[in-house]
Amino acid sequence: DAGVIQSPRHEVTEMGQEVTLRCKPISGHNSLFWYRQTMMRGLELLIYFNNNVPIDDSGMPEDRFSAKMPNASFSTLKIQPSEPRDSAVYFCASSFFRGATWGNEQFFGPGTRLTVL
Amino acid sequence: DAKTTHPPSMDCAEGRAANLPCNHSTISGNEYVYWYRQIHSQGPQYIIHGLKNNETNEMASLIITEDRKSSTLILPHATLRDTAVYYCIVYNNAGNMLTFGGGTRLMVKP
Chain A
164 DAGVIQSPRH EVTEMGQEVT LRCKPISGHN SLFWYRQTMM RGLELLIYFN NNVPIDDSGM
224 PEDRFSAKMP NASFSTLKIQ PSEPRDSAVY FCASSFFRGA TWGNEQFFGP GTRLTVL
Chain B
14 DAKTTHPPSM DCAEGRAANL PCNHSTISGN EYVYWYRQIH SQGPQYIIHG LKNNETNEMA
74 SLIITEDRKS STLILPHATL RDTAVYYCIV YNNAGNMLTF GGGTRLMVKP
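Note that the protein sequences, when read in sequence, are chains A and B. In my numbering, each residue's number is its place in the first sequence (first place is 1) plus 163. In my numbering, each residue's number is its place in the second sequence (first place is 1) plus 13.
If we strip away everything but chain B, and leave its shape as in the complex, we get:
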């Protein structure tokens, strides 16, 4: 599985967009980009995933660069409840296994 790099922590003002970057320069053609988050004392929660096209759902948007070497998770209107550790994961769907790295700790402030 391709490795990912990302900032260890970020701050965001409540109501503003939170943009979480992730670099995955060694991603291969059949590997997907998945985002999960873990709110304190809870299990990880799936957010969104994509292969090469940008994706949007009710929680977030995922922007993947054309060369697929990096991506950005966008929370359009961050709330205090979005404070969590966000994990960017790259893997091959056929493998059915997730490898969680250190994640980005997002702090949404009033």
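Excised from the complex, chain A in its bound form:
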């Protein structure tokens, strides 16, 4: 298995531009998570999906951020318009969620390093 795949690995853009980050979860997994990591705030959960449905988006910082999961094998995180304070590493993770049973480990992708100038 290739693991969780994220693209692009690096993105440099200018303030005001639209940014789209992409994620392909591990085949067979039914939960997908988007995290953001910065030096100041550490690793923060932005949103997660279960069976392609957004379950909790309380971590999404503001309306400029949106996430979609049109099918079980693809998700996007979009920032429009982007701002310099959005600069961070964005991780996607997936898991097979069985409910309150043993083994809900999440598998993380390599991340997308976003720089907004």
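Since the hints were made in silico from the structure, they are not lab data. C-beta: ideal position from N, C-alpha, C; glycine also. There could be a bad hint or two in this list.
Claimed, not checked - Covered stretches of chain A (chain B as the covering partner; in silico rule of three or more C-beta atoms under 8 Å from a C-beta of chain B):
#1 203 to 212
#2 270 to 278
Unchecked claim - Among the chain B residues that face chain A by a calculated CB cut under 10 Å, a handful are:
#3 Tyr45
#4 Gln51
#5 Gln55
#6 His62
#7 Leu93
#8 Gly114
#9 Gly115
On the provided structure of chain A, position chain B as indicated by the hints.
Okay, now just chain B, sitting in the frame of chain A:
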């Protein structure tokens, strides 16, 4: 979710056991203890988890005290590649959400 406290950093000699402590005094009966680590410039990696019994896998051992208020992650023979930030997380499996704290930065030295 119960909060955790842990040392911000630790050193360990290569080849020796690395013992990483974590306090979770407010843990409730249905909350699990999970450990992840993050090697520089990579995504976090799952290590091990447990509820109340000690657990061991190919990566590490997890020792949970009888009152479940603290735990220790043990890397039996630390290597340079084990240098990473280690996160102790307590949460309810049913919630399916992880809250990462500051972690313990482990430095394995030759």
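Tested hints:
With 5 residues bearing a CB less than 8 Å from a CB of chain B, the stretch 203 to 212 of chain A meets the requirement of three and the coverage assertion stands. Check on the stretch 270 to 278 of chain A: 5 of its residues sit with their Cβ under 8 Å from a Cβ of chain B, so the three-residue criterion for coverage holds. A hinted interface residue such as tyrosine 45 of chain B counts as satisfied when its beta carbon comes closer than 10 Å to some beta carbon of chain A; here the least separation is about 8 Å, so the hint holds. The interface hint given for glutamine 51 of chain B is met, as the beta carbon of that residue sits about 8 Å from the closest beta carbon of chain A, less than 10 Å.
Given hint, glutamine 55 of chain B at the interface with chain A, holds; its Cβ is 7 Å from that chain's nearest Cβ, closer than 10 Å. Nearest Cβ of chain A to the Cβ of histidine 62 of chain B: about 7 Å, under the 10 Å cut. The hint holds. The beta carbon of leucine 93 of chain B is not positioned within 10 Å of any beta carbon in chain A (closest approach about 21 Å), and the interface hint is therefore violated. Taken as an interface hint, glycine 114 of chain B checks out: its beta carbon lies about 7 Å from the nearest beta carbon of chain A, inside 10 Å.
Evaluation of the glycine 115 of chain B hint against chain A yields a held restraint, the C-beta minimum of about 6 Å falling below 10 Å.
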